[in-house]
Amino acid sequence: MATAAKPKKVDRRRFLTDTARMTAGCAVAGSLLAYVTRDAKALPDTALRPPGALAEDDFLAACIRCGLCVRDCPYDTLVLAELGQDGPATGTPYFTARDIPCEMCDDIPCVAACPTGALDKGLTNIEHAQMGTAVLVDQENCLNYLGLRCDVCYRVCPMIDEAISLDLLHNERSGHHAIFAPIVHAEACTGCGICEQKCVLPEAAIKVLPVRLARGAPGEHYRLGWEEKEAKGAPVVEGIIDLPDRLPGPGTDNLAAPGGFVDGLPASPESSFQGGGFEPTYKLPEVTR
Amino acid sequence: MSAKGKVHLPVGQEAIEEKGWYGAHKFLIWRRVSQAFFLILFLLGPWFGIWWVQGNLAGSMTFGFLPLNDPLILTQMMAAGHWPETTALIGGLIVLAAYALVGGRVYCSWVCPINPVTDGAHWLHDKLNIQKGWQPKRSARYWILGTVVVVSAVTGTIAWEIVNPVTMVHRGLVFGMGWIWGMVAAIFLFDLLVARRGWCGHVCPVGAFYSLVGIRSLLRVSAVKRSECDDCMDCYAVCPENQVISPALRGKGEASPLILSPDCTNCGRCIDVCAMDVFTFTNRFDTHVEAPNDAARVTEPSNRHAA
Numbered sequence: 001m002a003t004a005a006k007p008k009k010v011d012r013r014r015f016l017t018d019t020a021r022m023t024a025g026c027a028v029a030g031s032l033l034a035y036v037t038r039d040a041k042a043l044p045d046t047a048l049r050p051p052g053a054l055a056e057d058d059f060l061a062a063c064i065r066c067g068l069c070v071r072d073c074p075y076d077t078l079v080l081a082e083l084g085q086d087g088p089a090t091g092t093p094y095f096t097a098r099d100i101p102c103e104m105c106d107d108i109p110c111v112a113a114c115p116t117g118a119l120d121k122g123l124t125n126i127e128h129a130q131m132g133t134a135v136l137v138d139q140e141n142c143l144n145y146l147g148l149r150c151d152v153c154y155r156v157c158p159m160i161d162e163a164i165s166l167d168l169l170h171n172e173r174s175g176h177h178a179i180f181a182p183i184v185h186a187e188a189c190t191g192c193g194i195c196e197q198k199c200v201l202p203e204a205a206i207k208v209l210p211v212r213l214a215r216g217a218p219g220e221h222y223r224l225g226w227e228e229k230e231a232k233g234a235p236v237v238e239g240i241i242d243l244p245d246r247l248p249g250p251g252t253d254n255l256a257a258p259g260g261f262v263d264g265l266p267a268s269p270e271s272s273f274q275g276g277g278f279e280p281t282y283k284l285p286e287v288t289r
Numbered sequence: 001m002s003a004k005g006k007v008h009l010p011v012g013q014e015a016i017e018e019k020g021w022y023g024a025h026k027f028l029i030w031r032r033v034s035q036a037f038f039l040i041l042f043l044l045g046p047w048f049g050i051w052w053v054q055g056n057l058a059g060s061m062t063f064g065f066l067p068l069n070d071p072l073i074l075t076q077m078m079a080a081g082h083w084p085e086t087t088a089l090i091g092g093l094i095v096l097a098a099y100a101l102v103g104g105r106v107y108c109s110w111v112c113p114i115n116p117v118t119d120g121a122h123w124l125h126d127k128l129n130i131q132k133g134w135q136p137k138r139s140a141r142y143w144i145l146g147t148v149v150v151v152s153a154v155t156g157t158i159a160w161e162i163v164n165p166v167t168m169v170h171r172g173l174v175f176g177m178g179w180i181w182g183m184v185a186a187i188f189l190f191d192l193l194v195a196r197r198g199w200c201g202h203v204c205p206v207g208a209f210y211s212l213v214g215i216r217s218l219l220r221v222s223a224v225k226r227s228e229c230d231d232c233m234d235c236y237a238v239c240p241e242n243q244v245i246s247p248a249l250r251g252k253g254e255a256s257p258l259i260l261s262p263d264c265t266n267c268g269r270c271i272d273v274c275a276m277d278v279f280t281f282t283n284r285f286d287t288h289v290e291a292p293n294d295a296a297r298v299t300e301p302s303n304r305h306a307a
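Chains A and B, in that order, are what the protein sequence lines are. Okay, so the first sequence: first residue is 1 according to full-length UniProt numbering, each after it adds one. Okay, so the second sequence: first residue is 1 according to full-length UniProt numbering, each after it adds one.
Treat the hints with care, as some may be off.
What the hints assert, rightly or not - Computed Cβ-Cβ distance ranges for the label pairs, DEER-style:
id, chain 1, residue 1, chain 2, residue 2, range
1, B, 46, A, 84, 18 to 28 Å
2, B, 219, A, 12, 29 to 39 Å
3, B, 66, A, 87, 25 to 35 Å
4, B, 48, A, 45, 29 to 39 Å
To be verified - If you want a taste of the chain B side facing chain A, the calculated C-beta under 7 Å gives, among others:
id, residue
5, 56
6, 61
7, 64
8, 176
9, 178
It is worth saying that the hints were derived from the structure and are not from the lab. Glycine included, C-beta positions come from ideal geometry on N, C-alpha and C.
Next up, chain B with everything else stripped away, as it sits in the complex (with noise of 0.2 Å):
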């Protein structure tokens, strides 16, 4: 495929030429519309006093009788020795089946207002072509999700909640934000200079968190035309936690095509970047493979002007 020259194109720039810039920008633009809609959602009380949420992603009351609570908060709770009511314990569940069935870190790229911020540090990043810098291990955030636990149940407090930029930013923006932004600031210079996708990549224990709670989770992508794949490597440049894709993607034969990682934030770029429609969204049971398919590939074009 090199051979097309396709090589040292810009990231992205051949599925724009393929998909059209919305075709290949589909996932981002809806990520962030729904990143903008749980931030409205909350937003709609204090601004124009149509109170449908109240709280905040913590904790939050919907139309008076849908309780949603972060399992993690809860989980640090009973570290410290309180045992919540039945609301809280309610909403932690009610939240806990729903990313067990989508995928645990939907939060991360779908909901959680850090994630602009990290992208934005990411693209810049990128811009201005610094080093990667600091990679501390993608487990990091596994140790220290289990600090933030012992630090709880040793100090009696919910104690990442004192300096979580996640319910933080979020609280601010609803409830008024103190020096909040110097926290946003610390994150992006973090994200930029010191660590690449190194906030919510290595040290996050709130998306460790969200990653072990959709382990098991329905919602898949899958690399189903992975045989049409021209190694343009645009899914591993914009992935963010680009270890997820090699297994499923460079699998031979019967390896399941489906990125089955937890790490995986299902924030669709991977399907977005794609000029050759590898990635499809899917359940975690369908391991179906497009096999390759001369007759196949020259069907494919016509079918994608038809859809």
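Excised from the complex, chain A in its bound form (with noise of 0.2 Å):
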């Protein structure tokens, strides 16, 4: 029994010892590949996801890397990233709104390649992708904005009138122009990135930006007070004081009171007071015929 012992105890040490070393080479390499996993998680700005993409975080547990939507794409729009060469995470798709943008297929062949559902099936009509969203990035140099008549980013908007419209602005340095602002409605924009690719200047004025660095969020109990006050037909709260509106201008006694403001008179005009008397230091222009 003693003789039998002696090496069960042995083997019972070298086994500990063995997976202690194990555990704890394990525990080094899985820390440094987790590490890596965390880093590869941080999609540069200019690189677009194909239509119907999950969330960064879901993307990169699905994706297999197999290029089958590079294949599908009839545009070479998508590309696979390559290894220290490319932004986002190695082996996966994206593309560079600036290089060759999404040419929005109606049949959406990326999506249907995909197989492992990386891409979602559930988006089913490319209008309602959310590749990005295009942003205006600089006013100061976008040509409509100047006061010209460029007008590319909205002419070839597939989502004409609805993603990008050209909002009438006074134009100021010329006092008798309009400036066609280039506006662009993020929830009609998929993120093609036509806009960014077409946009004339040496580095475009209009870029697509993923959703979360282009849009702001409301807070979650915000209300629109017009848009309440529309949907019920009626004043949101009954019986609400409507406060004087202040008029442009300068001074703090600028008041369109309802019963206008008389100096030297008390603060609160008897209720049968009219007017009168009331002078206001801010005058409109008059206007001459």
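Build the complex: two chains, separate frames, hints provided.
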């Protein structure tokens, strides 16, 4: 018995030592690997995922980097990120809008090709894609904002008048021209990037950014009073007192009070008081015909 | 047998004399052909516009209807919390079934694009007579495999795909290499200078995974004529996992002549290199051993020439 017990004890010690060594080694290697995966999650701002791509965190759990979406893209828009050369996690598909934008195929072949669901088959209408959001990042160089009629981003937008519209502004510089300002409506923008690619400037003034960068978010409890009022068909709060509106101009006494304001009179005028004697410091320019 | 003076012949020399150069390299050649085949199949599209097969070793689509997917990647995906769509599941099951049948590590020796790299490193290692260096336990790869699945679950990513040289090299050759050559060079140097047979034999979790897939595989190498063995040790010298040989070759009497270890890659080099034709491919239920028989020994050479 004694002779049998001795080697067993040594075996147990050896087993425990080996296990501890392997565990420690794997903990070190695993931590390194986990660190590298964390690093790989940082998607560069110019890299856009294909239509229907899951949110980046979920995408890296689902994309096997097989490149079938790349093969089925008829415009060679999509590429697989190359190790050490491209920013996105190596081997994952992306596109750069300024190089080749997404042409928004009706049948969305890249999504159809994805075997794992990293590109969500729930996207059946390409107009609902959200690859990013176009933002006019540089109004100072945008030709339209300078008062010219470039309009290229607006004209080439596959969602013209929905995703980009031209809003008329007064041209302060010339005093009598209009500025046709390109305004992006993020709800309709698919992030295809055609506007960015076609922008005539050497460096595009309109760029497609990841949605997280392009958009703010309202507070969950925010309500737009005028929308609520319209939906209700009546004031949201009954019997609310309408406060006087402030007119443009200097000073704090430029109130268009319903009852008017007369210097020297008590702060709360009699209800019978009907204006008279009120001279605002600010006057609207007189219209002369 | 040492009386014949065969002991000091270079590895495989005896087999070449006995069976000719092709006979002594048959499986090696066919293995290289197979490795090239699985690479060229994927390169037909990008190089020649023949799109029979699209994708890469991680996932592919053949003739537009046959999906094939790496089951280890799907395992990590599920650990990361994403359930794959049916196409990938079917593709993964087909691959699992195929390797469960022919031997999991057939992937390593007949398909994997890293295998020629590590084989090359080992060839040079032998030529330069370098010491074997760091030899982590053979079981290390199973620990690494477990670690990879845990890291996938913890980080919510397909973790090994961020560093996996197997899929990276294949993807790189088909889609664009980037700095992947650097990774190939690193593995070559690791196997050459740090650890003999280090990557495939001790580290790679992909190989470990396929070992488990083929743990009950049908196709096996058997030391059918182990009684003929003249102890030249050539099979041990060429075998990338030579711990698998002894139980079969040195087994006595009733002991099975089959190499049943899932570490065996079914590369067939032992068959090539054996001048006595001890080894052969067979199925896992074929446990017959050719008895030491003087008559058989006499007729054996003539049979070989007749064949």
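Hints, one by one, checked against the model:
1. Take residue 46 of chain B and residue 84 of chain A: their Cβ atoms lie about 21 Å apart, and the range 18 to 28 Å holds.
2. Distance hint check: the CB atoms of residue 219 of chain B and residue 12 of chain A are about 38 Å apart, consistent with the given range 29 to 39 Å.
3. At roughly 34 Å, the beta carbons of residue 66 of chain B and residue 87 of chain A sit within the given window of 25 to 35 Å.
4. Separation of residue 48 of chain B from residue 45 of chain A is about 37 Å and conforms to the stated range, judged on CB atoms against 29 to 39 Å.
5. Evaluation of the residue 56 of chain B hint against chain A yields a held restraint, the C-beta minimum of about 6 Å falling below 7 Å.
6. Taking 7 Å as the C-beta contact cut-off toward chain A, the hint placing residue 61 of chain B at the interface holds, the least distance being around 6 Å.
7. Taking 7 Å as the C-beta contact cut-off toward chain A, the hint placing residue 64 of chain B at the interface is violated, the least distance being around 10 Å.
8. Annotation: interface hint on residue 176 of chain B holds; nearest CB of chain A at approximately 5 Å, less than 7 Å.
9. Taken as an interface hint, residue 178 of chain B checks out: its beta carbon lies about 3 Å from the nearest beta carbon of chain A, inside 7 Å.
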